[in-house]
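Asker: Okay, here's what each chain looks like letter by letter:
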Amino acid sequence: MKKLHVLIVDDSSVMRKIVERSLRQAGLELEEVKEASNGAEALTEVQKGSFDLILSDINMPAMDGLEFLRNLANVPSAKSVPVVMITTEGSEARVVEALSVGARGYIRKPFTPEQVKERVAPLVGGGQ
Amino acid sequence: MSLSVNEPVTKIDEHWKGLLECAAVEVFSMMAGLELETFAEPPTDVRGDQTAMVGLAGALCGMITVRCSSKVATKLAAALVGGDASANPSMMSDAMGELANMVAGNFKSKVTNLADRCMLSVPTVISGEDYTLQMMPPTEGFNMVLSLGGEAVWFSLVIHGA
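Here the protein sequences come in this chain order: D and C.
Position 107 (the first sequence) corresponds to 107 in the numbering used here; numbering is contiguous.
Quick note: to get the numbering used here, add 1000 to the position in the second sequence (first position is 1).
Think of the hints as simulated: they come from the structure by calculation, not from any bench.
For each residue, glycine too, the CB sits at the ideal point set by N, CA and C.
One side of the interface only, derived from the structure: several residues of chain C facing chain D at Cβ under 7 Å: (1) E1026; (2) D1094; (3) N1101; (4) D1116.
Next comes chain C alone, as it looks inside the complex (with noise of 0.2 Å):
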């Protein structure tokens, strides 16, 4: 998937879902050692209480998100830095920020002519459950879902569109 060189980015591409996924796979599965997996019936309901973000800018704006519940983050943590991170919850929020700003690092390099012209904001994590996300309108994306174990992870990716 190529883009051209100067134009801003304002329709989700039919690969990026494939790419994203891929870019997710490869980032558990090398810093972490963990294979993620499609489901067999995937959950429809997104779901989780810690949920990390990064901000796209320049010539693709928007979001990508990694989410998950706390029991799957902790396992993250731990596969990222060995022990039990448990019992320190900032680490998990840390390792959870540092996996959403690799998928989306990995994704963007994954999109010819994107790399160059497109930064990563600093992760925010979120814990909780009871929120909305808002951007600015028009916007267009998705969400995937894949297996750590048999438990959810989510992925997102919304851009603003034209």
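One chain only, chain D, in its complex shape (with noise of 0.2 Å):
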């Protein structure tokens, strides 16, 4: 599997690090990370730069993980960029909503790099 650009998107600076840490617990080679502290942030991150994961909150201020997906699919060089949202809360009609938005999965905190790791790793070539 090739070393991944990957985007990080959360309100908490201590979830994206933990974020972060479970992505290379989970085995996945990282050659660079970015982190945006809402969905404003990260359209400007995505404009910036290429990416070949981008896992976001869905609850943050300025704007939500939600917006942020449904303009994410105005800047065509992030189109095909996998999404993978994170969310605290146990509501499916958020999560249905995320995926009805352009998002390729979800995961739920709390989570173990393991769960990490089978959501992400089919998106980036990585297989089961």
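Mind docking these for me? Both chains are given alone in their own frames, and the hints should help you get the complex.
Answerer: Here it is, written out as structure tokens:
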């Protein structure tokens, strides 16, 4: 598997670090990790750089994860980048909504590195 | 434990203490690699100078809190993100808030029919021990304490009653 350029979007700096650590513990090789604290910042990062994978929280201030997904669909260079939502909410409705506007998967907190790998690896050419 | 789909929840269910304990144990274990255990002789005074609170709104209105000492909070932050969190107080607060958020989210996902009908607030963290939390009455709730290597971590659920 190639080394990945990843964007992690979460309003919690602790959660961004946890997600990065989990990706590494899951055995994914990361070339570059960029962080954004909301959807608006994430859109700026997407327009500046190129990513293999985006992991995004749903509930965030300024621009939440669902709005970010809707806006991401209008960025031609990012249309094929898989986005995986990370959520604390047990709400099926929000997960379904995220999938309907372009998310390729979701991870519910709490999660293990194995669960992260199971959800993410198939999207970045890593198989099961 | 399941709830009526359209009714607001104004009573603490007898199973919720067990569900909150289960939710907390899972979060600490899966996210921080730390094992919470029951005390053989649990402390009775709710103490700790770090308190993280997450509000519940919707079908169930109330608050879930996680409370512990700064020493334990530093340990939690270090376990969550690695490194030494004692040099970075904001990291400790952020970690406490995230843990409370995940415990609350995990708890409500364990109560059938609640997940889609109850929203969580952004976490708030209080540093300091000399405070009193008061919610609009009537309320009901419970405290429970678990051991993290012999140190107390308190969890509470308070809801607006009928």
